[in-house]
Amino acid sequence: MKRTPTVGEVLRAKGVSRRGFLKYCATTASILALPPSMIPRIAEAIESARRPSVIWLSFQECTGCTESLTRSAAPTVEGLIFDTISLDYHHTLQAAAGDQAEAARHAAMEENDGGYLVLVDGSIPMGNPGFSTIAGISNVDMLKETVAGAAAVVAIGSCAAFGGIPGANPNPTGAVSVMDLVTDKPVINVPGCPPIPTVMTAVLAHFLTFGAIPDLDKHGRPMTFFGTTIHDRCYRRPFYEQGKFANTFDDEGAKAGWCLFKLGCKGPTTYNACATAKWNSGTSFPIEAGHPCLGCSEPNFWDAGGFYEPLSTGNFDSGEKLAGAAVAGVALGAVAAAAGRRRQAKFTKEG
Amino acid sequence: MDLLEFAKGPALQVAAYILVAGSIWRLVGIVLLKEKPDYSEPRQSAGLLAALKVIYTRSFTAAPFKAATLYPKMLAYVMHIGLFAVVFLFVPHIMFFEGFLGIEWPGLPNNIIYLLGVAAVVASFALLVRRLTSPVLKLISNFDDYFSWFATVLPLITGLMIPVRMGLRYETILAIHILSVALLMIWLPFGKLGHTFLVFVTRGTTGMVFERRGAKT
Numbered sequence: 001m002k003r004t005p006t007v008g009e010v011l012r013a014k015g016v017s018r019r020g021f022l023k024y025c026a027t028t029a030s031i032l033a034l035p036p037s038m039i040p041r042i043a044e045a046i047e048s049a050r051r052p053s054v055i056w057l058s059f060q061e062c063t064g065c066t067e068s069l070t071r072s073a074a075p076t077v078e079g080l081i082f083d084t085i086s087l088d089y090h091h092t093l094q095a096a097a098g099d100q101a102e103a104a105r106h107a108a109m110e111e112n113d114g115g116y117l118v119l120v121d122g123s124i125p126m127g128n129p130g131f132s133t134i135a136g137i138s139n140v141d142m143l144k145e146t147v148a149g150a151a152a153v154v155a156i157g158s159c160a161a162f163g164g165i166p167g168a169n170p171n172p173t174g175a176v177s178v179m180d181l182v183t184d185k186p187v188i189n190v191p192g193c194p195p196i197p198t199v200m201t202a203v204l205a206h207f208l209t210f211g212a213i214p215d216l217d218k219h220g221r222p223m224t225f226f227g228t229t230i231h232d233r234c235y236r237r238p239f240y241e242q243g244k245f246a247n248t249f250d251d252e253g254a255k256a257g258w259c260l261f262k263l264g265c266k267g268p269t270t271y272n273a274c275a276t277a278k279w280n281s282g283t284s285f286p287i288e289a290g291h292p293c294l295g296c297s298e299p300n301f302w303d304a305g306g307f308y309e310p311l312s313t314g315n316f317d318s319g320e321k322l323a324g325a326a327v328a329g330v331a332l333g334a335v336a337a338a339a340g341r342r343r344q345a346k347f348t349k350e351g
Numbered sequence: 001m002d003l004l005e006f007a008k009g010p011a012l013q014v015a016a017y018i019l020v021a022g023s024i025w026r027l028v029g030i031v032l033l034k035e036k037p038d039y040s041e042p043r044q045s046a047g048l049l050a051a052l053k054v055i056y057t058r059s060f061t062a063a064p065f066k067a068a069t070l071y072p073k074m075l076a077y078v079m080h081i082g083l084f085a086v087v088f089l090f091v092p093h094i095m096f097f098e099g100f101l102g103i104e105w106p107g108l109p110n111n112i113i114y115l116l117g118v119a120a121v122v123a124s125f126a127l128l129v130r131r132l133t134s135p136v137l138k139l140i141s142n143f144d145d146y147f148s149w150f151a152t153v154l155p156l157i158t159g160l161m162i163p164v165r166m167g168l169r170y171e172t173i174l175a176i177h178i179l180s181v182a183l184l185m186i187w188l189p190f191g192k193l194g195h196t197f198l199v200f201v202t203r204g205t206t207g208m209v210f211e212r213r214g215a216k217t
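Here the protein sequences come in this chain order: U and B. Mapping of the first sequence onto our numbering: residues 1 to 351, in sequence order. Mapping of the second sequence onto our numbering: residues 1 to 217, in sequence order.
Wrong hints could be hidden among the right ones.
[Said to hold, decoys possible] Here are the simulated lysine-lysine pairs, DSSO-like style, with alpha carbons at most 27 Å apart:
1) K346(U) with K53(B)
2) K346(U) with K36(B)
3) K53(B) with K36(B)
4) K53(B) with K34(B)
5) K36(B) with K138(B)
Source of the hints: derived by calculation from the structure; they are not laboratory data.
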C-alpha cells in the first residue's frame with residue numbers, strides 16, 4: 001500500500017523552512033486563542049499527521065467559498081497547509097470528470113473509511129431531488145452516502161451552514177442546511193458569504209492538531225472565530241460610542257471613517273472574525289472598505305431586514321394596521337364615553 | 001424566527017397597536033365625557049391661556065411646599081429627564097423612530113446617554129425606596145404604582161445591559177430589551193403611566209377650571 005506522506009514531509013518538500021512553519025503554528029495558536037505552550041503540540045501534530053483525506057461536495061452554491069479559499073493570497077503557509085490535505089474530490093478543482101471523478105470519491109471513501117473529512121459548500125434542495133444533481137445523483141443522496149464513513153463534516157459558507165441564499169424566502173427549492181440532514185456526525189459550521197480563508201484553514205488545523213472538533217457556539221460555529229461580534233472588535237466602535245455616524249456613503253462622516261450603524265451595519269449582531277482576521281492577507285474587511293457589515297455569517301441573513309436599514313429599525317408590517325388600531329381606539333373611546341355619559345345622567349337625575 | 005426577530009416584529013407590532021388603540025381610547029373617552037353643568041358666574045375668563053399657565057406653573061413646586069418636596073421632586077426630574085434623553089436622544093432609538101416617522105433629529109453621544117440612563121435608574125430606585133418607607137405613600141400605593149414603576153425601569157435596565165452584556169449575547173439582551181419596551185407600551189395606556197399623554201390635558205383642564213373659579217394658579 002502506498003505510504004501517505006506526513007504534513008511535515010510535504011511542507012519540507014515544498015521548501016517551507018522550520019522557522020516559517022513554527023511561525024505558522026504560533027499564528028494558528030494565537031487565532032485559536034490557545035496558550036503559547038500549545039505551539040509545540042500544534043507543530044508536532046501537524047508535522048507528524050498523515051495527509052487527511054478530504055472530500056469537498058458542492059451543492060446549491062455559487063463557488064464563492066472555493067474562490068475565497070483558492071484566491072487567498074497565495075502562496076502562504078496556510079495555503080501550503082491546505083495543499084497538504086489530500087483533496088480527493090472537488091468537482092470544481094479536480095482534473096477528473098464524470099465517472100472518473102465519482103470513482104475518485106468512492107475510492108477515497110473506501111480507503112479512509114471512518115477517518116476522512118467531508119467539506120460541503122452549498123445548501124441541499126429537498127423540494128425536488130432533480131433541482132440539483134451531480135453525475136445524476138441528487139445532492140441529498142450524495143451527502144448521505146459520503147457522510148456515512150466520515151470522521152466529521154465541515155459546512156463551508158452560509159448556504160451549507162444555514163441554507164443561505166437558496167434557502168431565503170420563498171425558498172423555491174426547499175433548501176436545507178447540512179446540519180438539518182446530518183445528525184449522527186460532528187458538524188462544524190464555518191459560515192460567511194464567503195467564509196474567511198484563514199478561518200477555514202485554522203478549523204482544519206485544529207482538527208489535525210487535536211483530532212477533535214473545536215468548541216462550538218449554539219449555531220455550530222467555532223467559538224474561537226465566532227465568539228465575539230464584529231461590532232465589539234470594530235476599529236470604528238469608538239465613533240459609535242461618540243455618536244459620530246456616516247449618514248450617507250459619500251458624506252463627511254463616511255469620508256472621516258465614522259461608524260456605519262445608520263447605513264445598516266449589522267456588526268452588533270454578527271459573530272465573525274472579519275474585524276480581526278481580515279481579508280486579502282489582512283488588508284481590510286468590508287467595514288474598513290466603507291461598507292456596512294451585512295451579517296453574512298448569521299442564520300437567515302438574507303431575510304433579516306434590509307441590508308441598508310439600521311439595526312434598530314422595528315419591523316412594522318404596515319402603517320395601515322396602526323391606522324386601524326387608531327380607529328379602533330376612537331370607537332372604543334366613543335363607547336366608553338357614551339357609557340360614562342349614561343352614568344353621569346343617572347347620577348345627575350338621582351342627585 | 002429567533003427571539004430578536006420575534007421581538008422586533010410581532011411583539012413590537014402588537015405592542016404598538018395596543019399603545020395606539022389604548023391611548024386614543026383613553027383620550028377620546030375623557031374628551032367626549034359630558035361637562036358638568038356649572039351654574040356659577042365665571043370669576044375670570046377661562047381660556048387656553050389659563051390652561052397653558054397651569055401646565056407651566058405646576059412644573060414647579062409651590063413655595064410653601066418647596067422644602068418638603070425638594071428631594072422627591074429632584075429625583076423625579078432626574079428620572080424624567082434621563083428617561084426622555086434615553087428614549088429620544090439615543091441615536092439607535094432615533095433610527096427606530098425614523099423608521100416609521102420618516103424624520104430624524106440630532107442625538108447625544110452614547111456615553112452621555114449611558115450616564116443619564118444610570119442616573120434615571122438610580123433616581124427610580126430612590127423613589128421606590130421612598131415609596132416603600134413613607135407610611136403615607138405606602139398606604140396610598142397599589143399594584144398600579146408598583147407595576148408602572150417596574151414597566152418603566154425594566155427597559156432602562158435592559159437597555160443599559162446591552163453595552164455591558166452581563167455574559168449574555170448581544171442579540172439576546174437586545175431582544176429582551178425590546179420585549180421589555182413592548183411590555184411598557186402595552187401597559188402605558190391603562191395604568192398610571194397614562195400620565196404620559198394625559199398630564200398636560202389634566203393640568204390644562206385644572207387650570208381652566210381654577211381660572212374660572214378665580215383661584216390663584
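Structure-based check of each hint:
no.	hint	verdict
1	K346(U) with K53(B)	violated, 35 Å
2	K346(U) with K36(B)	holds, 13 Å
3	K53(B) with K36(B)	holds, 23 Å
4	K53(B) with K34(B)	holds, 24 Å
5	K36(B) with K138(B)	violated, 33 Å
Hint check: violations occur at hints 1 and 5; the rest are consistent with the structure.
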